[in-house]
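Chemist: Read off the chains here:
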Amino acid sequence: MTRQRLAIPFLVLTLTLVSSILLRAGGPAEPAATGSKAAAIERGKYLVNFGSCNDCHTPWKLGPKGPEPDMTRALTGHPAEMKVSPSPTLEGSWGIAAANTMTAWTGPWGVSFTANLTPDKETGLGDWTEEMFIQTMRTGRHQGKGRAILPPMPWFSVNALSDEDIKAVFAYLQSLPPVHNRVPAPIDPPEGQ
Amino acid sequence: MVGMAAAVQSPAASTGSARPPRLLSQTGLYATEDERLAIDPENRPFSPQYPLWSDGARKSRWVRLPAGATIDARDIDRWDFPVGTRFWKEFTFGDRKVETRFLRKDGPASWTFASYAWNEAQTDAELAPEDGLPNVAEIAPGKRHSIPAVEDCRACHDSARTEILGFTALQLSSDRDPLAPHAELLAPGMLTLKTLTDERLLAPVRPELVEAPPRIAAPDERTRAVLGYLSTNCGACHNAESSLASLGLLLKARLQPSHGSPHDPVRTLFRPTSKWQIPQAPDGASAFVTPGAPDLSALLVRMRSRRPSTQMPPLGTMLHDREAIDLVTGWIQDLRTSPES
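If you're matching them up, the sequences are chains A and B in order. Take the first sequence: its letters are residues 1 to 193, numbered as in the numbering used here. Take the second sequence: its letters are residues 1 to 341, numbered as in the numbering used here.
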């Protein structure tokens with residue numbers, strides 16, 4: 001894979017796409033998760049797939065047709081064993097870059113690693129509550145109260161979903177097999193930046 | 001002693017509207033709505049024994065209860081204030097007032113949160129936007145104070161169960177902690193548990209709170225001060241009723257036995273962190289507190305940090321709290337085992 005840098009326009013395009021998809025997917029008339037838990041999980045799966053969550057939370061690999069999400073590691077976030085090299089120097093029009101896996105991003109905010117969304121208790125969302133998940137998407141704060149969620153996570157787009165749809169997304173994520181994968185903490189930018 | 005009397009009603013307050021007034025002078029803090037800025041004597045000053053760290057701001061606080069109303073104090077850990085109660089907290093950096101926060105109880109489970117930014121002439125303060133105001137005043141070289149968003153206020157004053165962090169039985173106890181970081185002196189006229197009891201502003205009256213003033217149960221004075229500091233600065237989010245309860249860090253000091261053991265904060269500190277790992281620490285060596293090892297104590301590592309992704313608390317502060325860091329560092333350094341063991 002040769003893609004080591006992504007231009008801002010690509011990021012903007014991606015976020016715009018995610019936003020528009022989620023906004024359309026979360027239409028108010030949809031009877032999301034009003035029935036059984038199974039229906040909520042199914043609705044959540046639909047939203048997760050349609051909302052491009054795999055674009056960043058599933059590591060990409062080089063497949064026979066080019067780069068693609070490695071669905072054997074679906075939604076497990078940045079691979080713990082993958083140690084990233086120092087961020088590249090970005091100049092001029094270039095301000096954001098992504099790792100080959102699309103799970104590590106560098107920009108003015110430092111380096112962010114995409115989260116493990118599987119319900120592993122130690123490293124994923126296993127100890128999260130539904131309320132915490134909703135608050136996270138509403139406030140843009142980690143676990144609803146903590147540090148600011150970092151780019152490129154488009155939490156503000158997910159915020160456009162109804163509570164019922166966010167609950168459905170959470171129900172689906174909680175239904176996944178837990179995968180132990182300890183994602184690194186974000187790296188702050190150097191002082192003074 | 002001045003008693004609680006009818007509030008000076010601003011138009012917004014008198015209609016019970018949740019919309020806060022545009023100017024601080026319209027909230028009822030001052031005796032008149034002019035530039036003299038004399039505090040209305042019906043608004044009572046108070047000072048918590050464990051103040052929240054706010055980057056060294058000098059803070060003044062006032063409360064006003066509706067005339068004839070009392071605080072439901074049946075639950076010692078969570079007082080229920082009468083509808084119409086108002087609180088103010090004024091932040092001063094250097095010699096300039098920068099911000100005044102305002103809380104008003106509008107309904108049985110409904111509070112208005114507002115922040116007011118002081119004008120250049122220091123004659124009044126204007127309602128800040130709901131999403132806050134960044135960089136309103138320099139508080140250190142290269143660092144500027146920001147007025148928080150309403151959502152940030154609610155992160156600490158938890159929505160449906162709003163608690164006034166500085167106005168509780170523990171915070172107003174006359175058994176004040178002499179080692180509390182940034183402890184303030186009680187000025188004449190400030191409300192305490194005793195004055196609340198004497199003026200029968202608590203229901204039931206609870207004279208036992210005066211006879212045996214509440215204090216944090218701890219094996220020694222330094223541990224008491226550490227737990228008091230953590231209760232105020234961390235416990236608003238890390239407590240058993242919060243959405244973060246599942247993280248297992250219960251730092252809010254509770255006085256009522258049914259709300260948990262007084263030893264809960266100590267118990268929860270001496271265990272591995274759930275997710276956040278200390279950078280460069282050996283795998284699995286990250287505990288909230290490791291006796292004798294400040295650098296392997298995540299709580300302290302995060303207190304020492306003011307990097308956005310690491311610092312604790314995550315909002316409301318951008319400067320280190322040196323006094324508290326020294327207190328907690330010394331406490332951890334001298335621990336050989338958990339204080340409980």
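Hints may be right or wrong, so weigh each one.
Claimed, not checked - Straight-line C-alpha distance at most 30 Å; calculated DSBU-like pairs for lysine-lysine:
#1 A:Lys65 / A:Lys37
#2 A:Lys121 / B:Lys275
#3 B:Lys194 / B:Lys143
#4 A:Lys83 / A:Lys37
#5 A:Lys37 / B:Lys275
#6 A:Lys65 / A:Lys45
#7 A:Lys167 / A:Lys83
#8 B:Lys275 / B:Lys59
#9 A:Lys61 / B:Lys194
#10 A:Lys167 / B:Lys59
#11 A:Lys121 / A:Lys61
#12 A:Lys37 / A:Lys121
#13 A:Lys121 / A:Lys65
#14 A:Lys83 / A:Lys65
#15 A:Lys45 / A:Lys61
#16 A:Lys45 / B:Lys275
#17 B:Lys275 / A:Lys83
#18 A:Lys167 / A:Lys45
Stated by the list, open to error - Examples of chain B residues lying across from chain A (beta carbon under 8 Å, computed):
#19 Ser47
#20 Ala203
#21 Pro204
#22 Cys237
#23 Ser243
#24 Arg307
#25 Pro308
#26 Met318
#27 Arg322
For the record, the hints were derived by calculation from the structure and aren't laboratory data. Idealized CB from N, CA, C, for every residue including glycine.
Chemist: Work down the list of hints and note, for each, if the structure agrees.
Modeler: Tested hints:
1. A:Lys65 / A:Lys37: This hinted pair is violated, its Cα atoms lying about 36 Å apart.
2. A:Lys121 / B:Lys275: holds (9 Å)
3. B:Lys194 / B:Lys143: violated (40 Å)
4. A:Lys83 / A:Lys37: violated (38 Å)
5. A:Lys37 / B:Lys275: holds (28 Å)
6. A:Lys65 / A:Lys45: holds (25 Å)
7. A:Lys167 / A:Lys83: violated (33 Å)
8. B:Lys275 / B:Lys59: violated (35 Å)
9. A:Lys61 / B:Lys194: violated (68 Å)
10. A:Lys167 / B:Lys59: Violated - the C-alpha atoms of Lys59 of chain B and Lys167 of chain A are around 41 Å apart, more than 30 Å.
11. A:Lys121 / A:Lys61: It holds: about 26 Å lies between the C-alpha atoms, which stays within 30 Å.
12. A:Lys37 / A:Lys121: holds (21 Å)
13. A:Lys121 / A:Lys65: Not OK: Lys121 of chain A and Lys65 of chain A at ~35 Å, beyond 30 Å, violated.
14. A:Lys83 / A:Lys65: holds (26 Å)
15. A:Lys45 / A:Lys61: holds (22 Å)
16. A:Lys45 / B:Lys275: holds (26 Å)
17. B:Lys275 / A:Lys83: Holds: Lys275 of chain B and Lys83 of chain A sit about 18 Å apart, inside 30 Å.
18. A:Lys167 / A:Lys45: This hinted pair holds, its Cα atoms lying about 11 Å apart.
19. Ser47: violated (26 Å)
20. Ala203: With a closest approach of 32 Å, the Ala203 of chain B hint is violated.
21. Pro204: violated (33 Å)
22. Cys237: At 5 Å from the nearest chain A Cβ, Cys237 of chain B passes the 8 Å test, so the hint holds.
23. Ser243: Since chain A brings a Cβ to about 5 Å from Ser243 of chain B, closer than 8 Å, the hint holds.
24. Arg307: Hint holds; Arg307 of chain B Cβ to chain A Cβ min 4 Å, cut 8 Å.
25. Pro308: With Cβ-Cβ at 6 Å, under 8 Å, it holds.
26. Met318: violated (13 Å)
27. Arg322: violated (18 Å)
Going down the numbered hints, you'll see the structure goes against 1, 3, 4, 7, 8, 9, 10, 13, 19, 20, 21, 26, 27, while the others check out.
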